[in-house]
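Q: Given next are the chains, with one letter for each unit.
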Amino acid sequence: MNQALLPIVRSTLIDALRRRDLGVVAILMWALLILLVAARMVGLEQPTTGTFLLNLSLTLVTFSAHMIALLVSARQLPEEWENRTLYPLLARPVARGTVVLGKWAGATVMGCGIFIGLLVPVWALVPQLEFYDPRTLAQLITLQPLALMCTAAIPILCTLYLQRALAVSVALVLVFGADFMARWAERFPLLYLLPNPLRLNLVLRYTDGIGPLPAGDFITLALAALLWTTALLIQSILRFERRPL
Amino acid sequence: MKHARAIVAIARSVTLEAIRRKEIYVLIAACLLLTGLAFSLNIFDLGGLVKFYREITLRLMGTFTAVAVSLLAVRQLPREFEQRTIYPLLARPVPRSVFILGKAVGVLLVALASYALFVTIYIIGMHYLDGELAWGLLWQHVYLQFLQMGLLTSGAFLLSLLVSPDAAATLALLLYFASNVMGHMALSLYELTHTAGRAFLHLLTYALPQFVLFDLSGKVLHSEIWDPLSLSVMGALTAYALIYSLLYGVGAYALFRRRPL
Amino acid sequence: MNRRRGHSWALRCMVPLLWAMASLWAARIDPHAYTGGRERDETERIRRNSSALAAMLGEFRTSISDIMFMKTERYLHGGVAYRPHHSASAPTAEDMADEVEEHQSELGIPDDHAHKHSGVPTVVPPPNRDFRGWIGDLHRAVRPWRDPSRAHIHTDGRDLLPWFRVMTRADPRYVRGYVAGAFWLAQEDREQAIAFVSEGLEHNPDAFELYVSRGIIRLREARMAEADRGELDPDIRDRWMQARNDFRRGAELALAQRPDDVDEEGFGSGGWGHYHENDALTACRMDLLITHRFEGPVAMSKRRTLYKQTFPELADSPPND
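Note that the protein sequences, when read in sequence, are chains A, B and C. With the first letter of the first sequence counted as 1, position 81 gets the number 81 in our numbering; the numbers rise by one all the way through. With the first letter of the second sequence counted as 1, position 51 gets the number 296 in our numbering; the numbers rise by one all the way through. With the first letter of the third sequence counted as 1, position 81 gets the number 587 in our numbering; the numbers rise by one all the way through.
Treat the hints loosely; a few may be bogus.
What the hints assert, rightly or not - Partner residues aside, some chain B positions facing chain A, computed with beta carbon under 8 Å: (1) Ile264; (2) Lys267; (3) Glu268; (4) His439.
Claimed, not checked - Listing some non-contacts, in silico: residues in chain B with all C-beta distances to chain C over 12 Å: (5) Ile301; (6) Leu362; (7) Leu432.
Worth flagging that the hints you see were computed from the coordinates, not collected in a lab. Positions of the beta carbon are idealized from the N, C-alpha and C atoms, including for glycine.
Please work from the sequences and hints to get the whole structure.
A: This is the structure in structure tokens:
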């Protein structure tokens, strides 16, 4: 399985490069850089303005990483069906589950790459003028890949049940809207069941200067993301295996 | 006039493709769903809180139409080369300019149809809430949104021939959504820069489409205070949209012509 | 084959189990469920929104308190976007109730001092300060815009209520959202306003500003009911006592939270700002007034001894009989 998995991950990433997805990343990075340079030009008169810019930039970094992971992941299976490139792939001794895992892993790696790639210029250009707890930052950086794993798994499952555009819309609502919708969960308890990758987003906690999550909460959130991802992937594999070619 | 039939045929193919791909349905359904959710919110059992619904609905209408237009427009020209459907088309006596115009008309028809549906829902919603519609400002807003979609379409055509379709859609949407921020950024930086920097900011301001000029929602929202725009302003905005759409369209045409078959 | 099918069923059963576990675990933990924080701090919010960076970003914000601030500014000024012009402090619950402080229009206070409210720069500058020429002219024509030298338009804040509802749902720890929302809601429906603040207290049990806010609404209700009926019946007395209890609880919490290093302007460590100081003072003062009326000067004097250690200015409040 491992032998087949890596080539699929690699091909997903190569496909992303071939389709010039990196162009999109470059555009986002340039937009962020322009914003940061312009902010430095107008000046950060006081520490609170630096925090303002740091929060804004980290929020944009997180948003971009999740958006790209979602869009790359949502494209994988529908395009294989449409372009009929799945047949030669499945003609090889590759389990369908491996295909799903490979596609998902590729999208996750892409999202993580963007997260790190955009985080570096933010780090270099935004002066940290107030106290920010480095332990919270460590938690933030640790939880983001787990959140991106979950984000990349959601559209994979959606595209196996829904038409592509609808699947992308549902995935967008789930990824970016679940945290907000969960606020209504007391009245509508079913909302508790929504997967909520952005609950693992500690940007605000970090820029607010708050300390790290207690170890128990941190582990629970990490486990929740892993369980959501596992459940989404198992269901995706089961669905994909039963789907006629 | 002699190419009217070709324009209609090409525009028809664009609308049929939009219908076939079903993305537009999803966007319309998502917009209607979110609008419905906003209208169904019970705010402290109070009635008459119209501005909130107005703002949410107008924002959703604009956003979803812009997304639909961008996604549809960036696919049109590059795909003709990718799928090799350009050859049979060019075998016919249809100039490339007419071909691009037909594509633009098709995209705009789809935009118009979806926006008309949203406006209808908006009017019904306002009627249901006993909210004042401020017809003058509303129709001006709808008209300006249509001009804006034309500008977005021609800009997306140009971008789609410069970069990949995904990058073009990202750029078009970035320009659309960040138009306001870019304007403020230019105003702030102008104070801090000197000759070269200022010349660059002038260039940016006049070269990039100022989508923010076509957003009348602020006045529609507070329609009890603001009057409709004067004819001269509407005329100037129309001229702006037409000239810039034409310029971007000519740019797209030049690239399209030079693109190897 | 059967074995494979068995595996499949086992996996199928695992999915809802894993899902339910993950959802229930995650629902228990909210990484933003902490008290305070720079984003929710009103003094910080005013500072960051008055900065050149905020002017550069126009209306683009990611923080809930900032978005609410922008909405409030725009709605109350008929859609016109002004640069933040409240240099000193954020409004207090008491200020809101008094409706006198001119600078409080940012949180929804109508004032009749509009003539003083001019000369504040607009986000879109006037023609003589806008390098964009005709594009700037069109921008000013399309957006709600008013010459900064002219008095501001002031509308009421009723239309802001849905935003307060949404904002407090999105961040139930945003105490100022409850305070400002309750102020406007109380003009429409006091019971709903009390319920709204009570909801805020469920999420923020230590927020003394919310006790002050609820106390003010209950105090008004008691005063109006007493004026209507012309006598102090047990029901009205009960309302007065509820208001007193709110002020007292608020005062106790405020004194426990107040840092020792508060300066003359009301600012102290740990994010303590002018509005905290004013609300703390209001809670103490109102407790003393109501205690004086219903329990007599001796009971009031005991409370005053307690409060004046922190607030010496309360030594003469209320005046001794």
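Q: Work down the list of hints and note, for each, if the structure agrees.
A: Quick rundown of the hints versus the structure:
At its closest, the beta carbon of Ile264/B sits 12 Å from a beta carbon of chain A; the interface hint therefore is violated under the 8 Å criterion. With a least beta-carbon distance of about 6 Å to chain A, the hint placing Lys267/B at the interface is held under the 8 Å criterion. Because the beta carbon of Glu268/B sits about 4 Å from the nearest beta carbon in chain A, less than 8 Å, this interface hint is met. Because the beta carbon of His439/B sits about 12 Å from the nearest beta carbon in chain A, more than 8 Å, this interface hint is broken.
Against chain C, the non-interface label of Ile301/B is violated: not every CB pair exceeds 12 Å, the least being about 9 Å. Residue-level check passed: Leu362/B sits 24 Å from the nearest beta carbon of chain C, beyond 12 Å. Look at Leu432/B: its CB is around 6 Å from the nearest CB on chain C, not clear of 12 Å, so calling it non-interface is violated.
In this structure, the hints that do not hold are numbers 1, 4, 5, 7, in rising order.
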